[in-house]
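Student: Here's the letter readout for the chains.
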Amino acid sequence: MNHACKEISRLASESIERELSLWERFRFHLHMAVCKHCRNFEQAIELMHQAAALMHQSRYGEIKLTDSQRNRLHKAMDELN
Amino acid sequence: MHSDPHQWINEHGDYLYRYAMSRVHSEEIAADLLQETLLAAWKSHTTFAGQSTIRTWLTGILKHKIIDHIRKEIRERNLSDNVSSDPTTAYFNNDGSWSEAPHAWNENPESLCRNEQFNNVLEKCVSKLPEKQRLIFRLRDISGDDTETVCKSCGITATNLHVLLHRARLALRKCLEIHWFGVGENR
Chain A
1 MNHACKEISR LASESIEREL SLWERFRFHL HMAVCKHCRN FEQAIELMHQ AAALMHQSRY
61 GEIKLTDSQR NRLHKAMDEL N
Chain B
1001 MHSDPHQWIN EHGDYLYRYA MSRVHSEEIA ADLLQETLLA AWKSHTTFAG QSTIRTWLTG
1061 ILKHKIIDHI RKEIRERNLS DNVSSDPTTA YFNNDGSWSE APHAWNENPE SLCRNEQFNN
1121 VLEKCVSKLP EKQRLIFRLR DISGDDTETV CKSCGITATN LHVLLHRARL ALRKCLEIHW
1181 FGVGENR
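So the protein lines, in turn, are chains A and B. Residue numbers for the first sequence follow the numbering used here, beginning at 1 and rising by one. Residue numbers for the second sequence follow the numbering used here, beginning at 1001 and rising by one.
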């Protein structure tokens, strides 16, 4: 097996960001077919990507302005008129 | 009615605050940015053409305020890229193979994502990243901003973004493997 793992792991990450070129896809899939480690890596970063997005939902989905923040904003808007 | 700023606060304040909070992680800064947004919106509301919803229009203004804020912070704190030195070599042997092979994570992604303990470990791992990688990973993967917006916020090219995200993901995967999946030590 050729040891292109360093390069392939980079492509795995970039495939989340952009569409890989035809040549990159070819090399990527060829390597993935024979390399369990890189398949594990790809699976892991996909999982982290999904988990991070869901974490955003659970951490920030319920946040609200406090009453004092809200009052301050209303006051700042009053001063405009 | 699109010209009543009090109504903007009542109808969209929480949403905008949430949007800012998830990107700047500071109640004080988020509230300040929101106020600046409302003031800027008030100044230009006569030009609001009504082609988008009020919320989309306000979010667009807030987005620019957040980008300005992040750029200023990067400039002031002089967060460097260091794209020239390559920390990813630590993960690979000279022949390009993994120095420590990634293990299979045999957990169901959906249930793992909803596991609060896992999220805590993930967050802890994110907090250990070098500052700029942390900022970029948060904007891109956690807040879900698109590549273009993150590049604009941080004043970097798409190529640099890819380099830094790859580094962040290599480090995070390893951190989770140790601290969640218990490879190499006890959980």
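Bear in mind the hints are in silico, worked out from the structure with no lab data behind them. Keep in mind that this is a model prediction, so the values were computed, not measured. Treat the hints with care, as some may be off.
Stated by the list, open to error - Computed list of lysine to any residue pairs in SDA-like fashion (alpha-carbon distance at most 25 Å, straight line):
| # | chain 1 | residue 1 | chain 2 | residue 2 |
| --- | --- | --- | --- | --- |
| 1 | B | Lys1065 | A | Glu7 |
| 2 | B | Lys1152 | A | Arg10 |
| 3 | B | Lys1128 | B | Val1024 |
| 4 | A | Lys64 | B | Asn1115 |
| 5 | B | Lys1128 | A | Gln43 |
| 6 | B | Lys1152 | A | Gln57 |
| 7 | A | Lys64 | B | Asp1032 |
| 8 | B | Lys1174 | A | Lys75 |
| 9 | B | Lys1174 | B | Lys1065 |
| 10 | A | Lys64 | B | Gln1117 |
| 11 | B | Lys1124 | B | Arg1134 |
| 12 | B | Lys1152 | A | Leu20 |
| 13 | B | Lys1124 | A | Ile16 |
| 14 | B | Lys1128 | B | Asn1078 |
| 15 | B | Lys1174 | A | Lys64 |
| 16 | B | Lys1063 | B | Glu1036 |
| 17 | A | Lys75 | B | Pro1005 |
| 18 | B | Lys1128 | A | His74 |
| 19 | B | Lys1152 | A | Ala76 |
| 20 | A | Lys64 | B | Ala1040 |
| 21 | A | Lys64 | B | Ser1143 |
| 22 | A | Lys36 | B | Asn1106 |
| 23 | B | Lys1065 | B | Phe1092 |
| 24 | B | Lys1128 | A | Asn40 |
| 25 | B | Lys1072 | B | Thr1089 |
Student: All the hints need checking, so say for each whether the structure fits it.
Tutor: Structure-based check of each hint:
1. Lys1065/B <-> Glu7/A: 37 Å, violated
2. Lys1152/B <-> Arg10/A: Status holds; Cα separation ~22 Å.
3. Lys1128/B <-> Val1024/B: Given pair lysine 1128/B, valine 1024/B holds - Cα atoms ~17 Å apart, limit 25 Å.
4. Lys64/A <-> Asn1115/B: 23 Å, holds
5. Lys1128/B <-> Gln43/A: Holds - the C-alpha atoms of glutamine 43/A and lysine 1128/B are around 22 Å apart, at most 25 Å.
6. Lys1152/B <-> Gln57/A: Roughly 23 Å separates the two Cα atoms, so the pair holds.
7. Lys64/A <-> Asp1032/B: Given pair lysine 64/A, aspartate 1032/B holds - Cα atoms ~15 Å apart, limit 25 Å.
8. Lys1174/B <-> Lys75/A: Since the Cα atoms of lysine 1174/B and lysine 75/A sit roughly 49 Å apart, the hinted pair is violated (cutoff 25 Å).
9. Lys1174/B <-> Lys1065/B: Violated: lysine 1174/B and lysine 1065/B sit about 35 Å apart, past 25 Å.
10. Lys64/A <-> Gln1117/B: Holds - the C-alpha atoms of glutamine 1117/B and lysine 64/A are around 24 Å apart, at most 25 Å.
11. Lys1124/B <-> Arg1134/B: Holds, because 11 Å separates the two Cα atoms, which is no more than 25 Å.
12. Lys1152/B <-> Leu20/A: 22 Å, holds
13. Lys1124/B <-> Ile16/A: 23 Å, holds
14. Lys1128/B <-> Asn1078/B: 19 Å, holds
15. Lys1174/B <-> Lys64/A: Given that 25 Å is the threshold and the Cα spacing comes to 35 Å, the pair is violated.
16. Lys1063/B <-> Glu1036/B: Holds. Lysine 1063/B to glutamate 1036/B sits at ~11 Å (cutoff 25 Å).
17. Lys75/A <-> Pro1005/B: Status holds; Cα separation ~11 Å.
18. Lys1128/B <-> His74/A: 39 Å, violated
19. Lys1152/B <-> Ala76/A: Answer violated: lysine 1152/B to alanine 76/A is near 29 Å, above 25 Å.
20. Lys64/A <-> Ala1040/B: 22 Å, holds
21. Lys64/A <-> Ser1143/B: Within the cut-off at roughly 17 Å; holds.
22. Lys36/A <-> Asn1106/B: Measuring from Cα to Cα gives roughly 14 Å; hence the hint holds.
23. Lys1065/B <-> Phe1092/B: 40 Å, violated
24. Lys1128/B <-> Asn40/A: Judged against 25 Å, a Cα distance of about 23 Å means the pair holds.
25. Lys1072/B <-> Thr1089/B: 31 Å, violated
Hint check: violations occur at hints 1, 8, 9, 15, 18, 19, 23, 25; the rest are consistent with the structure.
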